[in-house]
Amino acid sequence: MAAPQAKVAPWPAVPTAKPEEVYAGLSDQAKAYPLFLESILRPEHNFEKPEALSRLRVLDCTTSMMIGHWCSSQLSELGAEVIQVEPPGGDPLRKLTPFGRQEYMFEDKETGEKVGGQFLHEMRNKSSITLNVETEEGRKILRELAVHADVIIENAPPGQWDEWGIGYRQLREINPRLIYCWVGQRGQWGPLKDKPGMLDPIAQSACGFVHGTGDPKEFGGQPTRSALWMADHVGGSCAAMGILAALIYRENVSGEGQFVEATSAEAIIRILDYSWAWYSMDGSIRPRYGNWDLAINIYAVNPCKDGYMMVGGGHDRLWYRIWRTVGDEYPAVEEEILGDQRLREVADRLAHNQQVKTYTLLGEWLKDNPRADAERKLSKQQVASGGVLYVNEVAEYPHFKYRQHVAEYDSPHYGKILYGTTPYQQHKTPGRLKWLGRPTGYDNQDVFRRLLGFTGEDFARLQKAHVI
Amino acid sequence: MATQPINKAQSFEEFCRESFNPKKEFSKPEVLKGYRVLSCTQYILGPSCASYLAELGAEVIKIEAPRRGEAMRHTTPFNEPFLYPLSRWVPERGTGLGFVGANPNEYFVSIDFHRPEGQALVKKLAAKSDVFVENYRPGTFDRWGIGYRQLKEINPRLIYCWLGGFGGWGPGRVRASYDILGQSQGGNFGMTGKQEYLGGAPAKHTIWLADYWGGMMGATQVLAALYWRDHVSGEGTFTEYSQVHGVTRQLEYALPLYGKHGITRERWGNWDTQLCVHGIIKCGKSSYPKSENPQELEEGYIMISAYQDQDFARLCKAVGESTLATKYAKADVRIKAQSQMEIYPALEKWAADKTKEQVAAVMDANNILNQPVWNAKEVANHPHWNERGSLRWLDDPTYGELLHQAPGYKMSATPPRLKWALKPVGADNERILGEVAGLSAADLKRLEEQECI
Chain V
1 MAAPQAKVAP
11 WPAVPTAKPE
21 EVYAGLSDQA
31 KAYPLFLESI
41 LRPEHNFEKP
51 EALSRLRVLD
61 CTTSMMIGHW
71 CSSQLSELGA
81 EVIQVEPPGG
91 DPLRKLTPFG
101 RQEYMFEDKE
111 TGEKVGGQFL
121 HEMRNKSSIT
131 LNVETEEGRK
141 ILRELAVHAD
151 VIIENAPPGQ
161 WDEWGIGYRQ
171 LREINPRLIY
181 CWVGQRGQWG
191 PLKDKPGMLD
201 PIAQSACGFV
211 HGTGDPKEFG
221 GQPTRSALWM
231 ADHVGGSCAA
241 MGILAALIYR
251 ENVSGEGQFV
261 EATSAEAIIR
271 ILDYSWAWYS
281 MDGSIRPRYG
291 NWDLAINIYA
301 VNPCKDGYMM
311 VGGGHDRLWY
321 RIWRTVGDEY
331 PAVEEEILGD
341 QRLREVADRL
351 AHNQQVKTYT
361 LLGEWLKDNP
371 RADAERKLSK
381 QQVASGGVLY
391 VNEVAEYPHF
401 KYRQHVAEYD
411 SPHYGKILYG
421 TTPYQQHKTP
431 GRLKWLGRPT
441 GYDNQDVFRR
451 LLGFTGEDFA
461 RLQKAHVI
Chain D
469 MATQPINKAQ
479 SFEEFCRESF
489 NPKKEFSKPE
499 VLKGYRVLSC
509 TQYILGPSCA
519 SYLAELGAEV
529 IKIEAPRRGE
539 AMRHTTPFNE
549 PFLYPLSRWV
559 PERGTGLGFV
569 GANPNEYFVS
579 IDFHRPEGQA
589 LVKKLAAKSD
599 VFVENYRPGT
609 FDRWGIGYRQ
619 LKEINPRLIY
629 CWLGGFGGWG
639 PGRVRASYDI
649 LGQSQGGNFG
659 MTGKQEYLGG
669 APAKHTIWLA
679 DYWGGMMGAT
689 QVLAALYWRD
699 HVSGEGTFTE
709 YSQVHGVTRQ
719 LEYALPLYGK
729 HGITRERWGN
739 WDTQLCVHGI
749 IKCGKSSYPK
759 SENPQELEEG
769 YIMISAYQDQ
779 DFARLCKAVG
789 ESTLATKYAK
799 ADVRIKAQSQ
809 MEIYPALEKW
819 AADKTKEQVA
829 AVMDANNILN
839 QPVWNAKEVA
849 NHPHWNERGS
859 LRWLDDPTYG
869 ELLHQAPGYK
879 MSATPPRLKW
889 ALKPVGADNE
899 RILGEVAGLS
909 AADLKRLEEQ
919 ECI
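Top line first, the protein sequences correspond to chains V and D. With the first letter of the first sequence counted as 1, position 308 gets the number 308 in my numbering; the numbers rise by one all the way through. Offset between the second sequence (1-based) and my numbering: plus 468.
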């Protein structure tokens with residue numbers, strides 16, 4: 001069944017604001033700081049500036065898993081030369097597309113090879129080569145490549161590469177400066193090492209995150225995963241920190257690389273804030289509390305007229321401003337809140353029944369206010385607020401377009417691709433996108449000739465033997 | 469440290485256990501020894517960024533408002549658990565658990581940024597620092613004379629790291645932000661949660677994800693900037709991290725899909741839009757039917773992954789679903805939305821009389837990837853995380869025994885580590901302001917009386 005062909009308007013549907021519109025009516029003094037920031041941070045100037053990691057060469061040998069790709073993206077956005085080493089035929093992740101829909105995939109203009117949006121979105125500034133490390137010859141080539149690398153990232157089952165003679169113990173003999181990073185869901189050693197797991201939400205489930213996300217059972221809720229392979233993103237960020245730390249130590253002190261390990265589950269354990277301290281104090285299992293917060297009232301997302309609305313302000317100053325805003329339309333609600341002795345103290349408002357009362361009454365106002373109106377009214381009072389945005393709204397949000405949080409890349413292979421830009425904004429060495437996506441093995445000729453001196457004969461022989 | 473020769477007799481796992489042994493962390497050097505970081509931060513985003521540098525051995529000086537400290541110290545679940553004392557001036561109050569995890573290994577100094585004398589102290593410290601982290605509203609520190617424009621003149625090698633909600637330029641620059649707003653507006657909130665047709669609503673990622681993970685993004689950029697300063701240019705820089713920008717970066721295929729087809733990625737609950745079976749199902753029975761804690765009476769949940777055809781065939785056999793096995797033998801058929809709407813309920817029906825452990829046992833026996841959805845107690849008591857040192861009992865010098873998370877990654881030669889969880893407000897005033905900023909005992913006393921520190 002072919003999908004109906006809808007004509008899609010070019011992005012952006014609404015033109016992006018211009019600086020003179022954004023800063024219209026402001027005094028010179030009020031304009032000075034944001035215009036200074038624009039002068040040092042505007043992404044239009046990125047290509048006039050150097051890249052922080054341009055001396056670094058990374059071999060990302062991970063496949064079928066997002067954590068490694070996310071990690072190497074952090075490095076490639078900051079200027080590292082990242083070579084994606086894929087099995088011949090490509091990383092299986094290339095084939096993923098929502099609900100299996102082929103028409104959602106991006107097609108290489110020349111060869112017709114398809115790639116899904118998920119994989120494409122992380123193939124930023126990375127070249128692609130193919131290498132079959134399951135063959136002895138492939139492993140020999142990998143050992144030769146390792147001589148030329150600063151960083152290797154891999155995610156094979158625990159000990160697999162060691163057994164193959166291409167693990168950390170062997171590669172450090174060839175290249176003592178090599179930083180070797182293993183990434184995975186739960187770890188390559190320890191009691192769970194042999195419990196396999198590839199993609200998130202395996203890790204999300206193993207660390208307490210899924211259990212803690214979603215509404216309480218009493219409110220009809222259940223443990224909830226992130227829509228994203230989010231633990232793989234956080235794990236990849238941890239791996240990138242470890243790699244950069246190892247780089248600094250190598251350059252500053254030792255001249256040698258080291259072994260780095262990062263897992264998606266442990267990355268989330270690190271950031272599950274007070275779950276562990278609370279448990280250790282009185283045995284409390286941190287409960288699910290939906291879109292409210294156990295530790296701050298008001299700090300929640302609740303339904304409003306046209307969707308869902310975030311309102312935040314736990315401290316007295318903001319608390320009273322919120323109720324003044326509500327009181328403009330519902331004086332009785334403001335009166336009820338201000339008259340309740342049990343809501344006078346910040347601390348008293350955190351009890352569950354007080355949160356129920358707070359949000360029930362706030363809901364009276366929210367149900368008549370769409371997101372934009374609620375935000376406008378609360379912003380006048382400097383209260384942090386905003387609607388839950390869906391992707392179409394994110395893509396068109398004026399502030400994001402102006403700052404280019406979302407941008408379009410015109411690929412020589414795949415045509416126009418809308419993507420989320422790097423948040424690494426910086427004065428001297430900003431992160432940037434140089435290209436997005438490469439067909440499988442597109443850089444074989446360049447990389448193998450440049451680093452290993454391959455000849456045309458080598459290519460023919462190795463392709464025939466399914467090594468590259 | 470010379471590379472050790474390979475011990476051929478040692479298994480790979482033994483090698484890893486030795487290389488990453490959490491008990492040997494303190495016998496190894498630290499990456500950021502001798503680097504000084506000023507953390508003028510509040511809540512989570514800025515503090516966590518600095519704390520990741522503290523885990524690597526930087527001397528991180530956290531500067532807070534005198535006496536009562538920053539807002540996060542007064543944030544704790546249901547206002548119940550606190551760590552006492554809050555400060556030597558306010559011993560009858562405590563620090564809330566919201567503060568735990570965002571500020572480990574740091575030195576705690578109190579300075580009132582609003583006063584000229586306080587600002588002069590910040591300048592003195594900044595002149596001798598490598599990194600300056602702050603997350604006040606854009607332009608606030610500039611107004612106080614201690615922003616990037618001023619500090620780069622004093623210390624051109626300074627890396628000034630600003631983190632916040634929307635960034636300091638553009639139409640939304642004056643908006644305040646918190647984690648939950650970053651999630652809401654960045655786009656991951658609207659995609660997470662139970663499907664619309666099942667009566668679901670968008671769901672928050674329960675951790676302060678945009679804050680804690682945003683702090684990692686900030687720290688990553690700082691590490692790259694340090695490398696560039698020390699080994700390439702000698703120059704500092706200014707970094708701006710907008711957490712709502714970070715969240716938008718995370719949206720996977722959503723933006724490419726919207727751009728090409730105008731299709732908005734929607735919630736798909738506990739299942740997966742790109743792989744099937746690869747989702748979380750409900751098991752009908754509680755693992756702790758006799759528990760006195762009502763939380764533990766809840767049914768269990770388990771993540772099952774069998775998206776390859778041969779795995780799915782084994783799964784169907786294990787659960788006695790021969791019809792599904794035939795109907796959905798092929799991955800491209802199985803992945804369709806309608807197929808998923810039939811497959812997952814069938815699995816839940818099979819699991820209705822089982823606990824998550826019973827389901828896991830069946831999956832393990834059939835070599836099918838699975839992971840029970842563990843709650844915080846189950847995670848806290850699992851030997852895997854304990855042996856790996858990811859969660860550990862910390863003998864905190866101020867607050868005693870505390871279960872605490874460890875750094876999120878491991879390094880063999882220079883492991884990041886946990887030293888203490890936090891300290892009271894201004895606990896290191898004498899040491900830091902005396903030894904680094906050169907205040908005499910009399911200065912310290914006077915500024916303290918004036919509540920400037």
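Note that these hints are calculated values from the structure, not bench results. Just so we're clear, the structure is a prediction, and the values are computed from it rather than from any experiment. Certain hints may be false.
Quick look at which bits of chain D chain V covers, simulated, 3 or more residues with Cβ under 8 Å [to be verified]: (1) 536-547; (2) 587-593; (3) 708-719; (4) 784-797; (5) 814-821; (6) 867-881.
Here are the simulated DSSO-like cross-link-like pairs (lysine-lysine), alpha carbons at most 30 Å apart as the crow flies [as the list claims (entries may be wrong)]: (7) V:114 - D:758; (8) V:95 - V:367; (9) D:592 - V:195; (10) V:31 - D:492; (11) V:193 - D:492; (12) V:49 - V:416.
Across the chosen pairs, the derived CB separations fall in these ranges [unchecked claim]: (13) V:368 - D:729: 31 to 39 Å; (14) V:376 - D:734: 22 to 30 Å; (15) V:412 - D:734: 28 to 36 Å; (16) D:798 - V:148: 35 to 43 Å.
Glycine residues also receive a C-beta, built at the ideal position from the N, C-alpha and C atoms.
To see whether the hints hold, each was checked on the structure:
1. 536-547: Per the Cβ count (7), the hint holds.
2. 587-593: It is violated, with 0 qualifying residues against the three required.
3. 708-719: Holds: 10 residues of the segment 708-719 of chain D have a Cβ under 8 Å from chain V.
4. 784-797: violated (count 0)
5. 814-821: violated (count 0)
6. 867-881: With 13 residues in contact (Cβ-Cβ under 8 Å with chain V), the coverage given for the segment 867-881 of chain D holds.
7. V:114 - D:758: 53 Å, violated
8. V:95 - V:367: 43 Å, violated
9. D:592 - V:195: Outside the cut-off at roughly 53 Å; violated.
10. V:31 - D:492: Cα-Cα ~53 Å, so violated.
11. V:193 - D:492: Since the Cα atoms of residue 193 of chain V and residue 492 of chain D sit roughly 21 Å apart, the hinted pair holds (cutoff 30 Å).
12. V:49 - V:416: The given pair, whose Cα atoms are some 25 Å apart, holds under the 30 Å limit.
13. V:368 - D:729: 31 to 39 Å: 34 Å, holds
14. V:376 - D:734: 22 to 30 Å: At 27 Å between Cβs, range holds.
15. V:412 - D:734: 28 to 36 Å: At 32 Å between Cβs, range holds.
16. D:798 - V:148: 35 to 43 Å: 42 Å Cβ-Cβ, so the 35 to 43 Å window holds.
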